[in-house]
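Engineer: Spelled out, the chains give:
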Amino acid sequence: MKAIIKYLSITVLTLACSTAWSFDFEEGFKKVLKDGIQKKIEEKSDAATSKALLGLAGTSQEEEIAIGRQIAGNLLGASALVKDQSLQTYVNNVGRWVASQSERPDLPWHFGVIESNDVNAFAAPGGYIFLTRGLYSLLQNEAELAGVLGHEIGHVIRKHHLKILQQSSLIDLGGKLLSGQVGGNNQVQKLIGNGAEVVARSLDKNAEFEADRIAVVLATRAGYDAFAFPEVLQQIGHFAKDDGSVSLLFKTHPHPDDRLEKLGLVINDRLDDVKGDTLATRFYRIKP
Amino acid sequence: MNSIRLGAALFALLAMPVFAAETGSVIRADGIRVEPFRDAKKIATLSIGDKVEIVKKNGGWLLIKSPKGKGWVHMLNVRKGDIRKRSGNIGGLLGMASGRAGTGKVVATTGIRGLDEFELQSAKFNESELNLVESYAITRAEAQVFATQGKLVAREFDYLPSPEVSTK
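Going down the list, the sequences are from chains A and B. To convert, note that position 42 of the first sequence is 42 in my numbering; the numbers rise steadily by one, no gaps. To convert, note that position 51 of the second sequence is 1051 in my numbering; the numbers rise steadily by one, no gaps.
In isolation and in its complexed conformation, chain B is listed as follows:
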């Protein structure tokens, strides 16, 4: 019964709308636009450090509310705030579910382990698990079929250049 309740709580948490009540702060000055396009009309300009409330996301754009107005800002110009503390909740719940303490220490009886350097160092070769993962292999042709089923179409796009190493 307990585990059902925990599962339900966990599900509710995971199913929460991603952008509910999220805030962010502006890390690059940018305009608030009426539509999610770079050449859409600007209604105001946000300065670095301005706080915004994030309403929703559309591709690379966030619909935000701020004292300066409501509109679209590019997601990479906003650093999301941590009003939700999502990590703590999920970590804590998953931790409880697996018998792991909040400290990140592993309770040996659960069979679910953390993966720190020491565990990776002392890991022993597991042939059967390796064979298992290799048995899941997908061919290029199969992946193409999978992509087509999802209506994904490959397109050309150049690698992004390395930005100038900034010393700022």
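Chain A on its own, in the form it takes in the complex:
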């Protein structure tokens, strides 16, 4: 029981941290996290963490997918799919292969490229993942695509957005959803706020760093060049901070230079013996 309470408070602390805008507040939290709490969360197997969190908030996989589906539909209302079936099938092949290397290989994964020249990618609970035409056009090979999708897959498997929803309105309604008192799109919509705003929210910085590490790992497991994803981060790091096409990305993510530094610290020599393929020849070039 004591352990559960401790765990609960850790969870609440972590979630609270994710919306902390104030820098000082966040710095303070970092210190708290440093005292072993972050480690503890990381050490727990993902399955155990998810189960504990979802058990408490009462969101089943079916509900997770229903929530994600609603968010995905809204996102597509803002930006439609690029009408290129070969492209979309290709991206689904790469994405599904990468997702197959995760601990949630059997989610109904969906991937899409959407019509926006912004450089960004989005993940919704349950396995709905989108990247913009602007981001896709920056990519040089399949391994880079795998890395980008791997980052978003990381958000899904660690339930980063779901946790944000649970922390806000969803926490109250979770029980009702579970007991079948709430159904249909309108009800799910109430849970996720306005439109697809949840994908525009900033996650905790550590959630982004975690998704970066997962991107490298899943791409590596899938047989790709592990350093393709850092390469994408370097490309994105080249954008001027006031460039409109990266404004939302930069607003909601740590700067690519910080992300690369964090990756560098942890990768160290761990990938020295790992050789992977970039599959540049198979890469589907999007028509400009």
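If you're looking for bench data, these hints aren't it; they were derived computationally from the structure. Cβ atoms here follow ideal geometry from the backbone N, Cα and C, with glycine treated the same way. Just so you know, not all the hints are guaranteed correct.
To be verified - Straight line, CA to CA, 20 Å or less: simulated EDC-like cross-link-like pairs of lysine to aspartate or glutamate:
(1) A/K251 x A/E197
(2) A/K275 x B/D1039
(3) B/K1070 x B/E1035
(4) B/K1057 x A/E261
(5) A/K275 x B/E1134
(6) B/K1124 x A/E115
(7) B/K1057 x A/E197
(8) B/K1056 x B/E1035
(9) A/K241 x B/E1129
(10) A/K83 x B/E1134
(11) B/K1151 x A/D277
(12) B/K1056 x A/D272
(13) A/K275 x B/D1158
(14) A/K83 x B/E1129
(15) B/K1042 x A/D269
(16) A/K251 x B/E1035
Said to hold, decoys possible - Which stretches of chain B does chain A cover? Using the computed rule of at least three CB atoms under 8 Å from a CB of chain A, they are:
(17) 1049 to 1056
(18) 1121 to 1128
Said to hold, decoys possible - Here are the in silico distance ranges between beta carbons for each label pair:
(19) A/R201 x B/D1158: 51 to 61 Å
(20) B/A1044 x A/K287: 21 to 31 Å
(21) A/L265 x B/K1068: 20 to 30 Å
(22) A/A280 x B/I1043: 27 to 37 Å
(23) B/A1044 x A/K241: 26 to 36 Å
(24) B/E1127 x A/D84: 12 to 22 Å
(25) B/K1124 x A/R201: 13 to 23 Å
(26) A/K251 x B/A1141: 31 to 41 Å
(27) A/A280 x B/A1040: 17 to 27 Å
Given the coordinates of chain A, assemble chain B onto it according to the supplied hints.
Structural biologist: Relative to the frame of chain A, chain B by itself:
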């Protein structure tokens, strides 16, 4: 005609070798090695802040030239400089192509929209697009076939640990 020329310019830009004339600066002290391996012979040591010219990339390694010598350095120890200003060029060209102004504001007539918080907030559920994306779904087995065609072989690799939260 104009659009053809623009397309050609855009293509030329996109097709540019990625590492042409790129520079970087060293963010972690590291040796210059004769080969792209950690235990290869070191010919010099780069210090933080040293400028290097990036010749090419090989996996996690960059072939660099610097006053201290030419050789291989790990890519994560170098922060690439912005000599090329790639973002501005591409953003600008794509912006022109889509009728978007350089400010990031959207010209409504193009049908290509930016994706800021407000647009995401006010987005309305699009059932047909959702059905479309779901129709592209690939099964695990199909993805396996796709991987095999690309000679990709799954391998085991542990998740990376969280680095110590640094307050430096």
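Engineer: Each of the hints needs a verdict: does it hold here or not?
Structural biologist: The hints, checked one at a time:
no., hint, result
1, A/K251 x A/E197, "holds (14 Å)"
2, A/K275 x B/D1039, "holds (16 Å)"
3, B/K1070 x B/E1035, "holds (10 Å)"
4, B/K1057 x A/E261, "holds (18 Å)"
5, A/K275 x B/E1134, "violated (33 Å)"
6, B/K1124 x A/E115, "holds (16 Å)"
7, B/K1057 x A/E197, "violated (38 Å)"
8, B/K1056 x B/E1035, "holds (13 Å)"
9, A/K241 x B/E1129, "violated (32 Å)"
10, A/K83 x B/E1134, "holds (14 Å)"
11, B/K1151 x A/D277, "holds (9 Å)"
12, B/K1056 x A/D272, "holds (18 Å)"
13, A/K275 x B/D1158, "holds (15 Å)"
14, A/K83 x B/E1129, "holds (10 Å)"
15, B/K1042 x A/D269, "holds (16 Å)"
16, A/K251 x B/E1035, "violated (39 Å)"
17, 1049 to 1056, "violated (count 0)"
18, 1121 to 1128, "holds (count 7)"
19, A/R201 x B/D1158: 51 to 61 Å, "violated (30 Å)"
20, B/A1044 x A/K287: 21 to 31 Å, "violated (45 Å)"
21, A/L265 x B/K1068: 20 to 30 Å, "holds (24 Å)"
22, A/A280 x B/I1043: 27 to 37 Å, "holds (30 Å)"
23, B/A1044 x A/K241: 26 to 36 Å, "holds (34 Å)"
24, B/E1127 x A/D84: 12 to 22 Å, "holds (21 Å)"
25, B/K1124 x A/R201: 13 to 23 Å, "holds (19 Å)"
26, A/K251 x B/A1141: 31 to 41 Å, "holds (40 Å)"
27, A/A280 x B/A1040: 17 to 27 Å, "holds (25 Å)"
Violation of the numbered hints given earlier is confined to hints 5, 7, 9, 16, 17, 19 and 20; the remaining hints are satisfied by the structure.
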